[in-house]
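K.L.:
So the chains spell out like this:
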Amino acid sequence: MKCDQIRTAILTDYLDNESSQAQLEEIKVHTETCCACKNYLDSLDTAIKYPFSNAANEMVPEGIWENVKQSITSRNMGSALAPEPKLLFREKSQLYRFLGIAASLFVVGGMALVFHSQKENRPMDAKLTVSQQNEALVFLTDEYMDFTSDESNDEEFYEDEGYL
Amino acid sequence: MIIDEITNKIIDDSINGDVDAFETIYQAFSSFVYNVSLRVTNNSEDAREITQDVFVTLHQKLADFRSHSSIKTWIYRITVNKSINLVKKEVNLKERNQKYCDRGDEPKSNNNVLDFINKEHRDTILSQILESLTVNQRVCMVLKHIEEMTCNEIADVLKTNVNTVKTRLKRAREHILAQRVESKKEAITNEM
Ligand SMILES: [Zn+2]
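First to last, the protein sequences are chains D and A. Residues 40 to 203 in our numbering are what the first sequence spells out, letter by letter. Residues 41 to 232 in our numbering are what the second sequence spells out, letter by letter.
You may find that some hints are simply not true.
Here are the computed lysine-lysine pairs in the DSS-like style, where the Cα-Cα straight-line distance is at most 27 Å [said to hold, decoys possible]:
1) K112(A) <-> K49(A)
2) K88(D) <-> K210(A)
3) K129(A) <-> K49(A)
4) K112(A) <-> K206(A)
5) K112(A) <-> K101(A)
6) K67(D) <-> K77(D)
7) K210(A) <-> K41(D)
8) K129(A) <-> K210(A)
9) K224(A) <-> K210(A)
10) K77(D) <-> K225(A)
11) K41(D) <-> K206(A)
12) K199(A) <-> K67(D)
13) K210(A) <-> K128(A)
14) K225(A) <-> K210(A)
15) K206(A) <-> K101(A)
16) K199(A) <-> K128(A)
17) K108(D) <-> K49(A)
18) K225(A) <-> K199(A)
19) K210(A) <-> K199(A)
20) K41(D) <-> K77(D)
21) K225(A) <-> K88(D)
22) K88(D) <-> K108(D)
23) K108(D) <-> K77(D)
24) K101(A) <-> K108(D)
25) K128(A) <-> K112(A)
26) K210(A) <-> K77(D)
27) K206(A) <-> K88(D)
28) K129(A) <-> K112(A)
29) K199(A) <-> K224(A)
30) K88(D) <-> K224(A)
31) K210(A) <-> K67(D)
32) K41(D) <-> K108(D)
33) K77(D) <-> K206(A)
34) K49(A) <-> K101(A)
35) K108(D) <-> K112(A)
36) K77(D) <-> K49(A)
37) K225(A) <-> K129(A)
Sample of chain D residues at the chain A side, in silico, Cβ under 7 Å [unchecked claim]:
38) S58
39) A86
40) Q109
Derived by calculation from the structure, the hints in this document are not laboratory data. Cβ atoms here follow ideal geometry from the backbone N, Cα and C, with glycine treated the same way.
Produce the entire structure from the sequences given, and follow the hints as far as they go.
P.N.:
Here it is in structure tokens:
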């Protein structure tokens, strides 16, 4: 290998710790006789290997676990009293299906009530039922929003390759 | 407890509300989460916040994981994501460097004061190197040279191509090397 190939190998596979045995041998033999490449290898060792490999692992500060524990136990207690509505819909498709059924029931129910109230002339009853159903829908929609924003949070990814 | 000793039983017990079992998972992973987020954000307060956040979220999602290896990938991934997002939000880099270096309450006994100075010196150099990289290069360098992960493992965590990882590492090293040459030139100019 020529000098520039050796240096590229040092900069990439060698520092990645993913050199083949043959490549390692070639780098070793080359840097024994080529002063410039030996200097290049040494400068990378000083610039990268030294500061990174000596990086001390910081102790995890105390108190973090206590906060986590507090948060999860209060959540456990909360779910013991009332199971989280989120768990009703493990899959989004299930939720959509449920929302679809709820919406059609709402429409059919609403129409039935309109006919019914026209027939029986009891508008107060009809109003109350519709607003109750509305509440149920608002609740479902809120849960749905929460569910989706949660998902997208975890999957936030960065394909920022602009600098490459 | 090390990461590979997290058994399915520990995961199941945690799902069923066993807090001690969940603490075992915390003990196995918290050092990775804290240190990676500390290196990437260069801010101990941010690292604290991210660590707490990762484990509270993990607890909520435990039932979705079947094995320790899927937990491991998820924890590595969310730690890196949260750190990158935080860095991208933060604009004042100088202020955050200040915050990290200002940890004045570190114990300094006379015996290891030299160790302490050396460690602080190394940490400052490392902080400066990391600050000079793009956040994506920084993440790759931390996972490669501090956490000693393979390029394939890093690509898996970042959900990206292994060649992208290799390119980021190469660019980061070229940048670090160029900066060294630059600062040497400056030193020589100042002496003259
Ligand atoms: Zn050469």
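K.L.:
All hints, please: hold or fail.
P.N.:
Against the structure, the hints:
Note on K112(A) and K49(A): the hinted pairing holds, with a Cα-Cα distance of about 16 Å set against a maximum of 27 Å. Of the pairs offered as hints, the one joining K88(D) and K210(A) holds, with about 14 Å between alpha carbons and a cut-off of 27 Å not exceeded. In summary, the hint linking K129(A) to K49(A) is not supported, as the alpha carbons are separated by about 39 Å, beyond the 27 Å threshold. Restraint check for K112(A) and K206(A): satisfied, since their Cα atoms lie roughly 22 Å apart, inside the 27 Å limit.
Among the hinted pairs, K112(A) with K101(A) is consistent with the structure: their alpha-carbon atoms are about 13 Å apart, no more than 27 Å. Distance hint between K67(D) and K77(D) is fulfilled; the C-alpha atoms sit about 9 Å from each other, no more than 27 Å. Pair hint K210(A) plus K41(D) holds up; C-alpha atoms about 19 Å apart against a cutoff of 27 Å. Of the pairs offered as hints, the one joining K129(A) and K210(A) holds, with about 26 Å between alpha carbons and a cut-off of 27 Å not exceeded.
With a C-alpha separation of about 21 Å, the suggested pairing of K224(A) with K210(A) holds against the 27 Å cut-off. For the given pair, K77(D) sits about 21 Å from K225(A) by alpha-carbon distance, which is consistent with the 27 Å threshold. A hinted pair counts as satisfied when its Cα atoms are at most 27 Å apart, and K41(D) with K206(A) qualifies at roughly 22 Å. With a C-alpha separation of about 34 Å, the suggested pairing of K199(A) with K67(D) is violated against the 27 Å cut-off.
Straight-line distance between C-alpha atoms of K210(A) and K128(A) comes to about 22 Å, which keeps the hinted pair within the 27 Å bound. Taking the CA atoms of K225(A) and K210(A), the gap is near 23 Å; set against the 27 Å cutoff, the hint holds. A C-alpha spacing of about 32 Å is found between K206(A) and K101(A), which places the hinted pair above 27 Å, so the restraint is violated. In summary, the hint linking K199(A) to K128(A) is supported, as the alpha carbons are separated by about 19 Å, within the 27 Å threshold.
Between K108(D) and K49(A) the CA atoms are separated by roughly 20 Å; this keeps the pair inside 27 Å, and the hint holds. A threshold of 27 Å between alpha carbons decides the hint, and for K225(A) with K199(A) the separation of about 39 Å lies outside it, so the pair is violated. At roughly 19 Å between alpha-carbon atoms, K210(A) and K199(A) fall within 27 Å of each other, so this suggested pair holds. At roughly 13 Å between alpha-carbon atoms, K41(D) and K77(D) fall within 27 Å of each other, so this suggested pair holds.
A hinted pair counts as satisfied when its Cα atoms are at most 27 Å apart, and K225(A) with K88(D) qualifies at roughly 22 Å. For the suggested pair K88(D) and K108(D), the alpha carbons sit about 38 Å apart, so the restraint of at most 27 Å is broken. Between K108(D) and K77(D) the alpha-carbon distance is near 53 Å, which puts this suggested pair outside the 27 Å criterion. Proposed proximity of K101(A) and K108(D) is supported: the alpha carbons are some 15 Å apart, at most 27 Å.
Our distance criterion of 27 Å between C-alpha atoms is met by K128(A) and K112(A), whose separation comes to about 24 Å. Proximity of K210(A) to K77(D) is assessed by CA-CA distance (about 19 Å); at most 27 Å being required, the pair is judged to hold. For the hint linking K206(A) to K88(D), the alpha-carbon distance of about 17 Å falls within 27 Å, and the restraint holds. Distance check on the hinted pair: K129(A) and K112(A) sit about 26 Å apart at the alpha-carbon level, within 27 Å; holds.
In summary, the hint linking K199(A) to K224(A) is not supported, as the alpha carbons are separated by about 38 Å, beyond the 27 Å threshold. For the suggested pair K88(D) and K224(A), the alpha carbons sit about 19 Å apart, so the restraint of at most 27 Å is met. For the proposed pair K210(A) and K67(D), the alpha carbon gap of about 20 Å is at most 27 Å, so the pair holds. The hinted pair formed by K41(D) and K108(D) fails the criterion: a straight-line CA distance of about 58 Å is larger than 27 Å.
Distance restraint check for K77(D) and K206(A): the Cα-Cα separation of roughly 23 Å lies within the 27 Å cut-off, and the hinted pair is therefore satisfied. This hinted pair checks out: K49(A) and K101(A) have alpha carbons roughly 16 Å apart, not beyond 27 Å. Only pairs whose Cα atoms come within 27 Å are accepted, and K108(D) paired with K112(A) is accepted, the gap being roughly 20 Å. Between K77(D) and K49(A) the CA atoms are separated by roughly 52 Å; this puts the pair beyond 27 Å, and the hint is violated.
The suggested pairing of K225(A) with K129(A) is violated, with an alpha-carbon distance near 34 Å, which exceeds 27 Å. Taken as an interface hint, S58(D) does not check out: its beta carbon lies about 12 Å from the nearest beta carbon of chain A, beyond 7 Å. At a threshold of 7 Å, the smallest CB-CB gap from A86(D) to chain A is about 5 Å, leaving the interface hint in force. Hint status for Q109(D) relative to chain A: violated, with the closest Cβ pair at about 10 Å, above 7 Å.
Hints 3, 12, 15, 18, 22, 23, 29, 32, 36, 37, 38 and 40 from the earlier list are contradicted by this structure; the remaining hints agree with it.
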